[in-house]
Amino acid sequence: MKNISRLRYFIYLSLIIIGGCTTGKKALQKGDYDASVLKAVGRLQNSPKNTEAQEVLKTAYSFALQDHLRKIEDAKLSNDPFRWESILYDYQKLNQLADEINSCPACLVIVPNAGKYIKAVEESKYNAATARYNSGLSYLEVNTRQSAKKAYYEFEKVQNLQANYKDIKIKLEDAYWAAVTRVVIQPIRVNSPTYKLSADYFQQQIDQFIADYARNKFVVFYTEQQATNQKIAPDQVLSLDFDDFIVGQTYVKERVEKLKRDSVEIGQTRDGKPIYGTVKATLSIFEKNISSSGLLDMTITDWQSRKIVNQQKFPGTYVWRDRWASFKGDERALSKQQLALTRRKQIVPPPPSTLFVEFTKPIYNQLVDQVGAFYNNY
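Position 373 (the sequence shown) corresponds to 373 in this note's numbering; numbering is contiguous.
None of these hints come from the bench; they were simulated from the model.
From the three backbone atoms N, C-alpha and C, an ideal C-beta is built for every residue, glycine too.
Incorrect hints may have been included.
Taking lysine to aspartate or glutamate and the EDC-like style, the derived pairs with C-alpha atoms no more than 20 Å apart in a straight line are [as the list claims (entries may be wrong)]:
(1) K313 <-> E358
(2) K328 <-> D262
(3) K328 <-> E265
(4) K119 <-> D99
(5) K26 <-> E52
(6) K93 <-> D34
(7) K345 <-> D322
(8) K196 <-> E358
(9) K288 <-> D322
(10) K231 <-> D302
(11) K116 <-> E100
(12) K196 <-> D297
(13) K313 <-> D302
Between beta-carbon pairs, the in silico distance windows are [as the list claims (entries may be wrong)]:
(14) E123 <-> N377: 36 to 46 Å
(15) Y126 <-> D74: 16 to 26 Å
(16) Q366 <-> R261: 44 to 54 Å
(17) R261 <-> R323: 20 to 30 Å
(18) V142 <-> A35: 39 to 49 Å
(19) S138 <-> S62: 41 to 51 Å
(20) T299 <-> L77: 49 to 59 Å
(21) D207 <-> K116: 47 to 57 Å
(22) Q249 <-> R306: 35 to 45 Å
(23) D212 <-> A35: 41 to 51 Å
(24) D297 <-> Q249: 14 to 24 Å
(25) N377 <-> E173: 21 to 31 Å
(26) Q92 <-> P362: 47 to 57 Å
(27) I347 <-> P274: 38 to 48 Å
Hey, can you work out the whole structure from these sequences and the hints?
Following this line, the structure appears as structure tokens:
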């Protein structure tokens with residue numbers, strides 16, 4: 001019985017502690033008035049007659065109101081050009097508290113006049129947008145790519161504050177294109193008609209990469225044809241050339257193994273008993289490797305100064321392999337795997353155009369990784 005009584009006591013005590021926390025009293029003692037109000041409201045929605053939550057709400061809302069209004073007045077007296085954003089924040093927090101209280105009937109008895117600052121919020125948004133707009137204009141006047149990026153971000157904030165503020169859409173567009181680096185990628189040059197189709201496939205992969213590129217919105221890639229059609233004056237030109245490539249370099253290697261296996265049944269006696277002995281064979285294993293490789297040069301050049309801003313070389317190799325074997329002697333000397341290898345026929349290797357495509361795959365992966373990394377924060 002004593003144990004049951006103790007258990008009930010601890011459960012009761014736990015409920016009191018939990019109830020005390022959820023009324024917002026703890027947050028009030030810490031000076032977190034907003035959180036205290038929200039917790040008290042939540043408590044009163046579930047338990048309208050909770051006296052502690054009633055007292056907490058009354059005190060916490062009074063303190064929260066005074067605290068936000070004080071911060072607003074302090075901000076209005078400051079010289080910070082972006083002070084209206086902090087003013088807006090405090091007005092919005094007051095409106096949020098008012099909405100929470102107004103949605104709770106029991107709370108309205110405690111705080112019947114939780115007012116909302118709708119007009120003040122709209123005025124603060126407009127003033128905050130004006131400050132960001134003027135800041136954006138100042139950055140735009142500097143007339144550099146980096147300042148244009150800053151202008152773009154300022155105009156973005158304006159649009160978030162006031163979607164139809166003045167000519168913000170035009171200013172965003174102006175700032176964006178002033179910040180953009182236009183990169184024209186020249187077609188890959190391969191001085192061999194044999195591999196033209198394969199090089200075209202590699203070019204298509206690159207064209208797809210630049211069409212899908214979205215890592216940095218301030219970098220726009222164009223093919224040479226697109227730049228010509230759209231009359232684009234590039235900021236940079238990215239050229240790709242194969243310094244060298246070899247396709248279909250063939251190596252055939254033969255390895256000869258002398259095989260022997262003991263205790264193999266090689267016959268029978270007249271009365272039918274097995275005769276065991278040693279069997280031998282000579283196994284010739286052939287391995288054909290067809291190697292194809294190349295080295296791609298990537299050069300990024302500033303269009304106006306003609307200076308190289310980045311240059312890298314990317315190697316690629318692909319080796320096609322085939323194995324087969326033949327033997328002389330007793331096949332019982334061979335393992336199952338060795339015997340299977342002797343029954344394989346030589347495979348016809350891929351055509352040179354396919355080998356060309358294969359060795360360019362690792363080159364392509366290196367290329368797009370490095371291009372992405374170079375322009376990621378450009």
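Verification of the supplied hints:
{"no.": "1", "hint": "K313 <-> E358", "verdict": "18 Å, holds"}
{"no.": "2", "hint": "K328 <-> D262", "verdict": "17 Å, holds"}
{"no.": "3", "hint": "K328 <-> E265", "verdict": "19 Å, holds"}
{"no.": "4", "hint": "K119 <-> D99", "verdict": "16 Å, holds"}
{"no.": "5", "hint": "K26 <-> E52", "verdict": "12 Å, holds"}
{"no.": "6", "hint": "K93 <-> D34", "verdict": "8 Å, holds"}
{"no.": "7", "hint": "K345 <-> D322", "verdict": "10 Å, holds"}
{"no.": "8", "hint": "K196 <-> E358", "verdict": "14 Å, holds"}
{"no.": "9", "hint": "K288 <-> D322", "verdict": "5 Å, holds"}
{"no.": "10", "hint": "K231 <-> D302", "verdict": "18 Å, holds"}
{"no.": "11", "hint": "K116 <-> E100", "verdict": "11 Å, holds"}
{"no.": "12", "hint": "K196 <-> D297", "verdict": "18 Å, holds"}
{"no.": "13", "hint": "K313 <-> D302", "verdict": "18 Å, holds"}
{"no.": "14", "hint": "E123 <-> N377: 36 to 46 Å", "verdict": "37 Å, holds"}
{"no.": "15", "hint": "Y126 <-> D74: 16 to 26 Å", "verdict": "21 Å, holds"}
{"no.": "16", "hint": "Q366 <-> R261: 44 to 54 Å", "verdict": "49 Å, holds"}
{"no.": "17", "hint": "R261 <-> R323: 20 to 30 Å", "verdict": "22 Å, holds"}
{"no.": "18", "hint": "V142 <-> A35: 39 to 49 Å", "verdict": "43 Å, holds"}
{"no.": "19", "hint": "S138 <-> S62: 41 to 51 Å", "verdict": "42 Å, holds"}
{"no.": "20", "hint": "T299 <-> L77: 49 to 59 Å", "verdict": "57 Å, holds"}
{"no.": "21", "hint": "D207 <-> K116: 47 to 57 Å", "verdict": "55 Å, holds"}
{"no.": "22", "hint": "Q249 <-> R306: 35 to 45 Å", "verdict": "37 Å, holds"}
{"no.": "23", "hint": "D212 <-> A35: 41 to 51 Å", "verdict": "45 Å, holds"}
{"no.": "24", "hint": "D297 <-> Q249: 14 to 24 Å", "verdict": "21 Å, holds"}
{"no.": "25", "hint": "N377 <-> E173: 21 to 31 Å", "verdict": "23 Å, holds"}
{"no.": "26", "hint": "Q92 <-> P362: 47 to 57 Å", "verdict": "54 Å, holds"}
{"no.": "27", "hint": "I347 <-> P274: 38 to 48 Å", "verdict": "40 Å, holds"}
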